[in-house]
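Student: My request is simple: use the sequences and hints to build the entire structure.
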Amino acid sequence: MNRGLVRRAFYEMWPSTLLLGLVLMGVEAALAYVLPTFSTQISADWLQMEFVRNIMQAMLGTDVSDRIGPHLFHAMAWVHPVVLALTWAHALICCTRVPAGEVDNGTADVLLGLPVSRWNVFLSETFVWLICGVAMIAVALAGNLLGGLALAPEQRPALALVVPVLINFFCLYTAVGGITWLISAFSSRRGRAMTIVFLILLVLFLLHYLAQFWSPLQNIVFLSPLHYHRPVDILNSGVWPWGDMAVLSCIGGLTWLAAGFVFARRDLCTV
Amino acid sequence: MSLIHLENLTRGYGRRRGVEGVSLSVAEGELFGFLGPNGAGKTTVIRVLLGFLRPSGGAARIFGKDCWRDSKAIKQDIGYLPSNLRLSSWMNGASALSIFGSVRGRDLAGPGRDLADRFDLDLRVKVRDMSLGMRQKLGLILTLAHAPRLLVLDEPTSALDPLMQRALQDLLRERAAAGHTVFFSSHSLGEVEQLCDRVAIVREGQLVANESLAALRNRAGHDVVIRWRDGTDTQSLAVPEFLRLTRREGTVWQGTLDGPAHQLVDFLAGQAVEELSIGRPDLESLFGRFYQKSGEARP
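Chains A and B, in that order, give the protein sequences. Residues in the first sequence are numbered consecutively from 58, following our numbering. Residues in the second sequence are numbered consecutively from 306, following our numbering.
Simulated from the structure, these hints should not be mistaken for laboratory data. Being a predicted model, the structure only gives us computed values, none of them experimental. C-beta: ideal position from N, C-alpha, C; glycine also. All the pointers check out, no bait thrown in.
Partner residues aside, some chain B positions facing chain A, computed with beta carbon under 10 Å:
#1 Thr-349
#2 Phe-357
#3 Asp-382
#4 Ser-393
#5 Arg-409
#6 Gly-410
Tutor: This is the structure in structure tokens:
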């Protein structure tokens, strides 16, 4: 890692981290307050409808009929599409900076004209991305706790239960980041890289979603990283999801490593 | 000692042409001009030198090290200014110097300020608020501030006004006098002629010339006007091979002299010449012929 590169990456990543982080905090606070507050009403009215139950099941990735309770609503705050969209957007913005963004902007010439190896650049960018990613997850937790303050104490989830959900959520974030790094490593156009990653994530999201309705997809649902993010199970059982975290970390780690090798070996041409 | 050494360097872009079989050496302390029309392959050579592109054939070495494998070590002592320079828009001159200094592990603020004074640039202005010329000046400051042994400048004067072009030329001459080497890529003959000792010309991906400017001047044509004394029988005089006449009226011959002027002086010695005028070597037309596409006339 190189101190100067870390400074440069930090200066360029903090505005998007701050903006998305604040929105994420607001959304988490709203979800943490609204869903448990109206849980009785939702359970009584909405969850009796099969269609709504299916949608909830699709989002949570598990059968909800026998799990209706406070944890179901707390878990929703960690699988809600808006929450996923915000965190994944952050990963997309940060992980397409190098090399796709630098080549696309034309700044790669100046950056790589400096006495740094490509691995130096890659590691420095990754370091700042992970710091910003931790900050994103931290503000999400802050929003969640903030929303919980408006609830009665007995309605709030125990922090000890939320922590493994949060770490699992961060592993999901790194998996998405790893895939994004890999696509970016092959690309010289940031917009193209972002579009490809967006389409991949959309397909993986839909795979996980539709697998709850169409049983043949159950055979391949393991391909979706969302399959390894099941907060309702964690909140109900209190068991750390070591297996899921390992799978997500492997996806993130291996794709990131492959991205590093591709970036280190590829030709770079800004014209 | 040869600082840059290219041997049969080949690099293509699929179907697009890159460079093919380029061989050249640049010595330490030399002001080396690298000329060619747009798209000839100048930037491709520079990208190989900087380790952005891997050669598909041949070898590229700087300081005796391989440009692809040892790119990081080589760039410790290189200052590189790309053509079409882009800098992050949020930076200003001072923060750019601070970050670049941090990357290089040295304080560039002092030398950066000196250079900014010389180029008349306010280091507090953000890149996004800078004109093209100001950005180019900042790029030059960032390239020169660490006093590198080798400067690789890709069309560095493109956005500079004539005053700043002269300031840059003076600075580069000073650096060269101090033993630094300048690899100056351009498509403009004029600035290379003013600055460089030696030039290489690349055309359609191949090197078509690599020699000193003095040697090129000897090869270049001179505009010549000869006025014979009244009554001289000019019709009976044989025109030498090195003189291409474009006008032959009465006692006036006008044309182009190919090669050095002394051969014409030797030819005219003892002849009835009233007046002789020999113009400066016409490098422009020589380079024009170098730049012509294959199949067209060559020098």
